[in-house]
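> Each chain, letter by letter, is given below.
Protein chains: 2
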Amino acid sequence: MTDAPRIQLLLTGDELMSGDTVDSNSALIARELASQGLRPLRRVTLGDDALALQAEIATLCDNADALIINGGLGPTVDDLTAEVLARVAGLRLVEHPQALDHLEHWCARRGLTLNAANRKQALLPEGCELLPNPIGSAVGFTVEHNNCLVLCTPGVPGELRAMLPHLIERLGERFPHRSQSDVLRLQTFGVGESTAQQMISDHCPDWPDSVGLSFRAGAPQLEIKLVIDDPALEPQRQACLDTLQHLLGAHILGRDDARLAERVIDLARDQGITLTSAESCTGGLIAQMLTQIPGSSDVFPGAFVTYSNALKHSVLGVTTDTLDSVGAVSEETVRQMVQGALKASGATLGVAVSGVAGPGGGSDSKPVGTVWLAWGDLQRIDTLCLHWPLERTLFQTMVAAAALDCLRRRLLGIEESAHYLRQRRVPKDA
Amino acid sequence: MTDAPRIQLLLTGDELMSGDTVDSNSALIARELASQGLRPLRRVTLGDDALALQAEIATLCDNADALIINGGLGPTVDDLTAEVLARVAGLRLVEHPQALDHLEHWCARRGLTLNAANRKQALLPEGCELLPNPIGSAVGFTVEHNNCLVLCTPGVPGELRAMLPHLIERLGERFPHRSQSDVLRLQTFGVGESTAQQMISDHCPDWPDSVGLSFRAGAPQLEIKLVIDDPALEPQRQACLDTLQHLLGAHILGRDDARLAERVIDLARDQGITLTSAESCTGGLIAQMLTQIPGSSDVFPGAFVTYSNALKHSVLGVTTDTLDSVGAVSEETVRQMVQGALKASGATLGVAVSGVAGPGGGSDSKPVGTVWLAWGDLQRIDTLCLHWPLERTLFQTMVAAAALDCLRRRLLGIEESAHYLRQRRVPKDA
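Top line first, the protein sequences correspond to chains W and R. Residues 1 to 430, numbered by my numbering, are exactly what the first sequence covers, in order. Residues 431 to 860, numbered by my numbering, are exactly what the second sequence covers, in order.
Worth flagging that the hints you see were computed from the coordinates, not collected in a lab. Take these hints with a grain of salt, some might be off.
What the hints assert, rightly or not - Covered, in the sense of this in silico footprint (three residues per stretch, anywhere, with C-beta under 8 Å from a C-beta of chain R), are these stretches of chain W:
#1 35-47
#2 299-311
#3 368-378
Stated by the list, open to error - Subject to a maximum C-alpha distance of 16 Å in a straight line, what follows is the list of computed EDC-like cross-link-like pairs (lysine to aspartate or glutamate):
#4 R:Lys655 - R:Asp687
#5 W:Lys225 - R:Asp450
#6 R:Lys655 - W:Asp20
#7 W:Lys225 - W:Glu32
#8 R:Lys655 - W:Asp78
#9 R:Lys550 - R:Glu574
#10 W:Lys225 - R:Glu445
Note that this is a predicted model, so its numbers are computed, not measured. Even for Gly, the Cβ is constructed at its ideal location relative to N, Cα and C.
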């Protein structure tokens, strides 16, 4: 075996072949493997067809040191992985006591009786080892066939994600001596992939080849990765990181999996500050992003979704004069919304948004994508108008994130205005 | 050749193997093929490695009537498709006059001079036919090899989408007589995949083989698909559909892409009813699901996120007596929350939730996953206690959906209590 193990992926599911589901699991697996210096060579995707799966698995095992199978572990008749793999490996399908135990506990915690469909999930190839599933009913498992380690994982993305540490551990035992590439991930908000790329090309013509640079555009965050293949290259990477920090400044949220809402909550907790939101076009999404974070109740008493003008007036005290004269999507309205939310919630710091999410409701003076934000405390409120003509759901996501980012910048004491999603002015000495 | 042509897909690109890019092109192609009664059998994804691509293309052509290659048509050195395919098919690589013409026009429209990198895109296998690219510089093309029609398409999703009509036309000429499979999709809420499967196994031992049954578990909805390969089988499918409607009853939300929030909004609009929510553990998610739907402002004036007990009292009027005696996660609290939200918003119908999302905050009497719901109008309020010990984000999603489902059932006049996510009692005459 050479230094780099040959790893293949097999994805199964009719929904993947029909186009009903976009396969995000492969990327999840590949990124996790990359963090360990491993890389899949090839992947094959097939529908729920037992004969085709059987032939494919046999061929894949002949041409791989490890085969990761994703999907087909569920309770239904179209979940075929265990059965087909047992046939390929010449193993009997037997009820696995530990898997049965997992299923019984899983059902009991939900007040369910274990039925035959669920019980099928404990029928596994004889002698297999389990990969624990901390979330779902389907256990994963590994089987050895023809010197190939076969690892079976569930298709539900949340369950796969929860199982990946166990999968990585098993691969680590099997392939201990591999070249380690080391990935440093930065999370950013408010700067686009092509803008970031262009800034780096313009200002770093001598970026070293030894420090790999790549981007992953998510909504709302953009991840930037710096990869080195040898620990000795750490000083070069540190120099690149300094350059990025100079170019991107406060757009950088943090390292690894840093999330905007988590950053805001941690900063508020450290400073003994409580938070609220007054939301029109985001419809509760700012509050929802905050409350996704465990422990958010420490700093978040609550929020107000005032979608109609009547509620902006009755709940938050926006004056009818303001609503009649300048309208709901205006600087004066969001200013009064945040004041009203601070008073009604007793929170120290708040943010308000009002905009035109579309597709309807736009006008010449306030086209779809226009949004006003206001944030601050009872002493000082700042405002900002953005124009992001995006598809409705993406607009809501990006605007809610911008609102959180305004809170983050205030909590960090950053006075410079944010330049969102357009060419950031590069500091003069760059 | 059998009735259904064997179509395979080959996706190329290092970014697909590293996980930096999620492959949405396969789903795009598959859905377009499905609209023509065509279905890819299998797909293979590979990095930008000339030798591996050459071997793969040769094998795929031996096992397919058509091979769709996506990616590798760009101007850079890692774009290998034309070169490798020419080698496999034993064709020379020549400058294609029509492709060169396209490139010259493409550059001229942008005020660019045709450079060597772009000119490389006109080097194609001799005798190939073009697939026009209405958007980008990379032309597509088709080659015949070993009785397999090879169709090469660009990896940029917008360019692929623009080229798909030409690809479909070419496939239509090649495979004119194909069987049309027809998919009927049902959306459901509140019943798990294994429960649905078990109910069907128990109550429909004579389910016909000619009506394909499959499931797609999303959060929060479960999709059930009934597939027939011949329009003459429609009566059999209708009988299966009747059975499912009998077994699943009000768990069925509707057909095709029916969404819970959209259903609630449509029903409320038809009945001239307005909606509100009072949210603790869902943190604004119910409001956010409603406001994701365009036109939700017709029926949704706003909502209240009362995360702290203080706000449950000051904003919604939950009495301190209640909060002190039975606590925030109780029937009496959610009852008062919905009453308070109805009064403060002026809405006709409301829903309130209060629960323990976890991971912290549970107790023996109210473990993590416990949630109380109340819904109704000022005349009648119903309540329900659920225990769903799920991961925090999934818990919030499922509870928000259950809240919307309670509103949907009320709007539909369904009096029977919902049986969520456990074995539903089957109607007596089943």
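> None of the hints should be skipped; say for each whether it holds.
Cross-check of the supplied hints:
A count of 9 residues in the region 35-47 of chain W with a Cβ less than 8 Å from any Cβ of chain R is obtained; the coverage claim is therefore met, three being the minimum. For the region 299-311 of chain W, the stated coverage by chain R is satisfied: 11 residues place a CB nearer than 8 Å to a CB of that chain, which reaches the threshold of 3. For the region 368-378 of chain W, the stated coverage by chain R is not satisfied: 0 residues place a CB nearer than 8 Å to a CB of that chain, which falls below the threshold of 3. Distance restraint check for Lys655 of chain R and Asp687 of chain R: the Cα-Cα separation of roughly 12 Å lies within the 16 Å cut-off, and the hinted pair is therefore satisfied.
Restraint check: the Cα-Cα separation between Lys225 of chain W and Asp450 of chain R comes to about 10 Å, which is no more than 16 Å; the hinted pair holds. Of the pairs offered as hints, the one joining Lys655 of chain R and Asp20 of chain W holds, with about 11 Å between alpha carbons and a cut-off of 16 Å not exceeded. In summary, the hint linking Lys225 of chain W to Glu32 of chain W is supported, as the alpha carbons are separated by about 14 Å, within the 16 Å threshold. The suggested pairing of Lys655 of chain R with Asp78 of chain W holds, with an alpha-carbon distance near 12 Å, which does not exceed 16 Å.
Distance restraint check for Lys550 of chain R and Glu574 of chain R: the Cα-Cα separation of roughly 22 Å exceeds the 16 Å cut-off, and the hinted pair is therefore not satisfied. A threshold of 16 Å between alpha carbons decides the hint, and for Lys225 of chain W with Glu445 of chain R the separation of about 13 Å falls inside it, so the pair holds.
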